[in-house]
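K.L.:
On the provided structure of chain A, position chain Y as indicated by the hints.
Listed below, chain by chain, are the residues.
Protein chains: 2
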Amino acid sequence: MAEEGKKEVWEEGSKKIMKTYLDCLPCFLNQALKTSRVATTDEKIQREVLDQVMENLIRLPLDASPPRIAQIVYATIKKITGTGDPYSAIKKKQNELALNFYPEFKAMVRNAEDPLLLALKLAIAGNIIDFGVPKEIKDIREEILLIISSPLAVNDYLAFKKNLHNAKLLLYLGDNAGEIVFDRILIEELSNLGTLKIVFAVREKPIINDAVLDDAKFVGLDKQVKLISNGSDAPATVLAECSSEFIDLFQKADMIIAKGQGNYESLSDESGNIFFLLMVKCAIVGRHLHVKVGDMVLKSNLK
Amino acid sequence: MAEEGKKEVWEEGSKKIMKTYLDCLPCFLNQALKTSRVATTDEKIQREVLDQVMENLIRLPLDASPPRIAQIVYATIKKITGTGDPYSAIKKKQNELALNFYPEFKAMVRNAEDPLLLALKLAIAGNIIDFGVPKEIKDIREEILLIISSPLAVNDYLAFKKNLHNAKLLLYLGDNAGEIVFDRILIEELSNLGTLKIVFAVREKPIINDAVLDDAKFVGLDKQVKLISNGSDAPATVLAECSSEFIDLFQKADMIIAKGQGNYESLSDESGNIFFLLMVKCAIVGRHLHVKVGDMVLKSNLK
Chain A
75 MAEEGKKEVW EEGSKKIMKT YLDCLPCFLN QALKTSRVAT TDEKIQREVL
125 DQVMENLIRL PLDASPPRIA QIVYATIKKI TGTGDPYSAI KKKQNELALN
175 FYPEFKAMVR NAEDPLLLAL KLAIAGNIID FGVPKEIKDI REEILLIISS
225 PLAVNDYLAF KKNLHNAKLL LYLGDNAGEI VFDRILIEEL SNLGTLKIVF
275 AVREKPIIND AVLDDAKFVG LDKQVKLISN GSDAPATVLA ECSSEFIDLF
325 QKADMIIAKG QGNYESLSDE SGNIFFLLMV KCAIVGRHLH VKVGDMVLKS
375 NLK
Chain Y
75 MAEEGKKEVW EEGSKKIMKT YLDCLPCFLN QALKTSRVAT TDEKIQREVL
125 DQVMENLIRL PLDASPPRIA QIVYATIKKI TGTGDPYSAI KKKQNELALN
175 FYPEFKAMVR NAEDPLLLAL KLAIAGNIID FGVPKEIKDI REEILLIISS
225 PLAVNDYLAF KKNLHNAKLL LYLGDNAGEI VFDRILIEEL SNLGTLKIVF
275 AVREKPIIND AVLDDAKFVG LDKQVKLISN GSDAPATVLA ECSSEFIDLF
325 QKADMIIAKG QGNYESLSDE SGNIFFLLMV KCAIVGRHLH VKVGDMVLKS
375 NLK
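Each protein sequence line maps, in turn, to chains A and Y. Heads up, the first sequence is in this note's numbering, so the first residue is 75 and it goes up one at a time. Heads up, the second sequence is in this note's numbering, so the first residue is 75 and it goes up one at a time.
Honestly, the hints are just simulated from the structure, not real lab data. In this text the structure is predicted, and so the values were computed from the model without any measurement. One should not assume that every hint holds.
Chain copies aren't distinguished; within one or between two, either way the pair holds.
Within a straight-line C-alpha distance of at most 30 angstroms, the following computed DSS-like cross-link-like pairs (lysine-lysine) qualify [what the hints assert, rightly or not]: (1) K166 / K236; (2) K108 / K366; (3) K118 / K108; (4) K167 / K108; (5) K326 / K167; (6) K118 / K366; (7) K236 / K153; (8) K291 / K242; (9) K118 / K236; (10) K152 / K279; (11) K152 / K326; (12) K108 / K180; (13) K118 / K235; (14) K366 / K300; (15) K355 / K108; (16) K366 / K355.
Bound conformation, chain A alone:
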């Protein structure tokens, strides 16, 4: 699907942002089915969700980033199933599961030749704790060990270290529940560097399995850093929807860490000293980054 030489970015005024592709339409329908099954066992309601999501998608302009369309899809699911947070129990399980890993991975980072690099790779690998039913604990642990044994497919580690050296205020944009435990390990490493002030941002309201304030507190991040909500319920950082408090921080921060595909899709062409940390989970994002699905990315947006 990538061979046809399509434009990989969409021009919005003077900006290039990740647009939504035709490939995203069946994917949204798949996500809607998956989520409606989490929300209800009633197949009639699941079907109603799919029908309504298709109604939404028909002739919907694709000149927005995928997370904005995801908002429409998830609002439909909420309306039809009557459930605003279908992933609540799953998120709890993902947080607990990741906390179980904490001691082992924390020790691994402490004993690593380059603790910061390993902590970064772990924070990226933690991004595999994906929405949907959690896998077996053993499987996730092994998957993470496998991922961190691979090199970064996009590796701006040197730029990351250089920027970190000069940074005083770092804004860390979280992504999923569970994954935030790995963010905590990275944040602990960053905190060791001295006077850096770190603010950790989460979504305002539950969407998919994205972390909200309660999740961040549950895994102990409130003890490490200041927590804020970004003011939006997009599964991403859609600045136009974020609170003024968040925007203020976004502009003031010397350095921003943005976790996961959603944050990449929504911020890939924003100005600011952003480092994107993500696992590539779909071919469209992979094409945009010139890497493969399953690759680990640590990318500076200044290049």
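P.N.:
Same frame as chain A, but now just chain Y:
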């Protein structure tokens, strides 16, 4: 998705047939996108196809087998793209590619300990030559060698041999272009058994990459057996749409070989001495057969 204990068959009067699942809806949309990209490079037309297919799918009763819904989807693609046979060039390439393999696999069957079993496995493995852009020749050859080195996940070989022993008229329901070269190798083995009369059936009109009469002739099947069209353009054998000549043969045949998922989906509860030969390509069919995606199936419908 299979854990929820859903009914795996749908009751239609006294019959159990494979119905269409909610999972099939995003899959149809994916197929429509794939095919519209084969038919045209114009993204506006591709989008129009997706929109129209979604219009078709909304509130469409799912109490038909997937191939019947596929007919609706492909009719829409034809109408909007103006192309009735988008896979024409791909089918030709698939036939040529498979003919290149013929000498090697034919020799392998001749030298096998059990030539009939190997020919059956090859005919099943040939079912991986799927719609869409053909893979590299080397990849396909290696994939087939890998597949035939595995055991059959459903293995009714003994019943197959027993039935073959008593059969005089065998109806062979073909599936894809390319794959029919492997059917030819199996048919040559079956022909060695003596007085068995074999009729090979194809679709009436092009749909996806399913074989039609021209394909069967191109790979030399006309020199081995009598060829007929089934009279329908479903990517399957939907008896209600087949010609009376075909139905007559279907009823008279002592034994029927039905290749591929489409034939399984449409005939899984028909009476008749049918042996299904297929690679399992989707989780829904896998669930119905209690096997995994990628498994090889040789299944009698009499059990």
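K.L.:
Please go over all the hints and tell whether each is borne out by the structure.
P.N.:
Results of checking the hints against the structure:
1. K166 / K236: neither (36 angstroms within a copy, 56 angstroms between copies)
2. K108 / K366: both (24 angstroms within a copy, 20 angstroms between copies)
3. K118 / K108: Both: 14 angstroms inside a copy, 28 angstroms across copies.
4. K167 / K108: Answer is within: at 18 angstroms inside a copy they meet the 30 angstroms cutoff, but 37 angstroms across does not.
5. K326 / K167: So K326 and K167 fail the 30 angstroms test inside a copy (35 angstroms) and across (58 angstroms) alike.
6. K118 / K366: Between copies, since 27 angstroms is at most 30 angstroms while 37 angstroms is not.
7. K236 / K153: neither (47 angstroms within a copy, 58 angstroms between copies)
8. K291 / K242: within (24 angstroms within a copy, 74 angstroms between copies)
9. K118 / K236: neither (55 angstroms within a copy, 45 angstroms between copies)
10. K152 / K279: Answer is within; shortest intra-copy Cα gap is 12 angstroms, inter-copy 44 angstroms.
11. K152 / K326: Neither way: K152 and K326 sit 35 angstroms apart in one copy and 55 angstroms across, limit 30 angstroms.
12. K108 / K180: Cα proximity of K108 and K180: none, with 33 angstroms in one copy and 45 angstroms across.
13. K118 / K235: neither (53 angstroms within a copy, 45 angstroms between copies)
14. K366 / K300: Classified as neither: same-chain Cα gap 35 angstroms, cross-chain 47 angstroms, threshold 30 angstroms.
15. K355 / K108: Both, since 16 angstroms and 20 angstroms are each at most 30 angstroms.
16. K366 / K355: Answer is both; intra-copy 9 angstroms and inter-copy 23 angstroms each pass.
In summary, the numbered hints that this structure violates are 1, 5, 7, 9, 11, 12, 13 and 14.
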